[in-house]
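Undergrad: In order, the protein sequence lines correspond to chains V and C.
Residue numbers are given in this note's numbering: position 329 of the first sequence equals residue 329, and the series is strictly consecutive.
Residue numbers are given in this note's numbering: position 203 of the second sequence equals residue 565, and the series is strictly consecutive.
Worth flagging that the hints you see were computed from the coordinates, not collected in a lab.
Treat each hint with caution, since some may be false.
[Claimed, not checked] Simulated restraints on C-beta separations:
| # | chain 1 | residue 1 | chain 2 | residue 2 | range |
| --- | --- | --- | --- | --- | --- |
| 1 | V | Ser115 | C | Ala479 | 33 to 39 Å |
| 2 | V | Ser309 | C | Pro495 | 54 to 60 Å |
| 3 | V | Gln23 | C | Ala479 | 38 to 44 Å |
| 4 | C | Ala479 | V | Asp197 | 32 to 38 Å |
| 5 | C | Pro505 | V | Pro169 | 42 to 48 Å |
| 6 | V | Pro169 | C | Ser570 | 52 to 58 Å |
| 7 | C | Val423 | V | Arg106 | 29 to 35 Å |
| 8 | C | Pro505 | V | Gly62 | 26 to 32 Å |
| 9 | C | His560 | V | Arg106 | 35 to 41 Å |
| 10 | C | Pro505 | V | Lys113 | 27 to 33 Å |
| 11 | C | Pro495 | V | Asp197 | 37 to 43 Å |
| 12 | C | Ile390 | V | Gln110 | 51 to 57 Å |
This one's a predicted model, so the numbers in the text were calculated from it and none came from an experiment.
Even glycine gets a Cβ: it sits at the ideal position worked out from N, Cα and C.
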Amino acid sequence: MAAMIHARLKLARDDFSLDVDLQLPGRGISALFGHSGSGKTTCLRCLAGLERATEAYIEVNGEIWQDSRREHFVAPHQRPIGYVFQEASLFAHLSVLANLTFGYKRIPAQLRKVSLEQACELLGIEHLLERKPATLSGGEAQRVGIARALLSSPQLLLMDEPLAALDGPRKREILPYLERLHSELEIPLIYVSHAQDEVARLADHLVLLEQGKVQASGPIAATLARLDLPLAQGDDAGVIIEGQVSAYNSDYQLLSLQLPHSDLQVRVAHEPLAVGMPLRLKVQARDVSLSLGADQQSSILNRLPVTVSGHRPADNSAHVLVSLDAAGTTLLARITRYSADQLKLHAGQSLWAQIKSVALLG
Amino acid sequence: MPLDASDLGAIWLTFKLASLTTLILLLIGTPIAWWLARTRSWLRGPVGAVVALPLVLPPTVIGFYLLLALGPNGWIGQTTEALGLGTVVFSFSGLVIGSVVYSMPFVVQPLQNAFSAIGERPLEVAATLRASPWDCFVHVVLPLARPGFITASILGFAHTVGEFGVVLMIGGNIPDKTRVVSVQIFDHVEAMEYLQAHWLAGAMLVFSFLVLLALYSSRRGKSAWS
């Protein structure tokens, strides 16, 4: 049986109620995504045992952490988790090294899966060990916080908006480290965020929370591409594609990427990368335009033959959101209603999608 | 030598009393302060008020009630008699009990402020790093509350040294048993021995000033209470 995280949580407060049933994969990064007040942090705190939902059933990898029907509750310090808070929350009275080893020292040696050297190398903090937390920058402190959580060799890593307290450059400083965690460690990670770009970059599975309820839950690519969710309405709306480097044109410095399970390719100006390397791409709905013909006379690099699979009015009545099938890969396009009428847009229609820009997410 | 043997005896007794009182107060004040800083019980208000009473009551009032409670007919006195300990009024033990009550807020309040200032987060972090509540208290709370403990110890000690009314009510004036410096000064003044009163009073003044100087200088920009 595949490892699974199952959390059924019910809790009511004066101004907020939570009622969710989460089934998350036991590997990869699952994002809990929603506005502030949607209950994502409360879910995470319940998983950690920092908060106790009135009615709850929490099972992780076959172990039951809470079952309110049997009055069963595993205390937070007895749950094999790692928790990264929004602020790094390092212990001010301890050095970086002592912060790092705080959890490490408290687990039996045979359960230690991550070594100090490994964690330091992974997060690039070897040079900070002797320092006191007060002397670290926000980004450094958060990297220490992440390493500290890793060093307690958790079976489940929980991160509560670890980048939200940081400014843009600091965020960009940490994101690559989080991606490394993703690719180099086997620990499942639940990542709470309200930033769509972070989620698009990191998550494999997406849970959309709204006012204490699960609005959608599924693999990231499929969930982001759903027209019926508010995600598709936002300015940031777009799809994630798990592509693969297929060629490099050094003359024009263009990288070719193959879409999954198809011969379709997109090209993007980039430094050379090894052929076969998997890469995550984002194509924003507003960067996709539609035309009836292939229209080779254009500066637009990427043109793909697509079939219209659905459409829906956007949040303003001037635009229409169109869902497109490009040989199995879903794309979203945000076009004006006028254009939709000109194209006589309908499901099943064959069109060409012109993609103005493709973002590589690393 | 301007200080005679009875003066030195009084100083030694005062030092012993203040040290023992501070030690006991740290032991019992810590859990009380921790509870006051963390509880959501309705008892928090009443308990906090009782602890703070010595701040506003005249020492004679505290002394009076302690005298009744510790005396042969009081409930503490009867308990101690039943245990074969005799009554503790007019003894050093009685003074220690009185001082503990009298100086309680000076230890509990700085500790309570220090515990509150730590907040919830370090405790949550410690729990997610596998520290049990006790482990967390010892390795996270105590070190983070260190300035509070220093303030509490200094204030508890100094306030006990400055005690007079309670001592007079329950301790009387027995040399080497209950005659502390403040009582000794009172005796000197009564007996018109102003020179000796000067020496002792001056020593108290210098001591108190130095203690407070150390306290306020060590906490730049912060209130001595938090």
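Undergrad: All hints, please: hold or fail.
TA: Okay, the hints, checked on the actual structure:
no. : hint                            : result
1   : V/Ser115 - C/Ala479: 33 to 39 Å : holds (35 Å)
2   : V/Ser309 - C/Pro495: 54 to 60 Å : holds (55 Å)
3   : V/Gln23 - C/Ala479: 38 to 44 Å  : holds (41 Å)
4   : C/Ala479 - V/Asp197: 32 to 38 Å : holds (36 Å)
5   : C/Pro505 - V/Pro169: 42 to 48 Å : violated (33 Å)
6   : V/Pro169 - C/Ser570: 52 to 58 Å : holds (53 Å)
7   : C/Val423 - V/Arg106: 29 to 35 Å : violated (50 Å)
8   : C/Pro505 - V/Gly62: 26 to 32 Å  : violated (38 Å)
9   : C/His560 - V/Arg106: 35 to 41 Å : violated (59 Å)
10  : C/Pro505 - V/Lys113: 27 to 33 Å : holds (29 Å)
11  : C/Pro495 - V/Asp197: 37 to 43 Å : holds (39 Å)
12  : C/Ile390 - V/Gln110: 51 to 57 Å : violated (41 Å)
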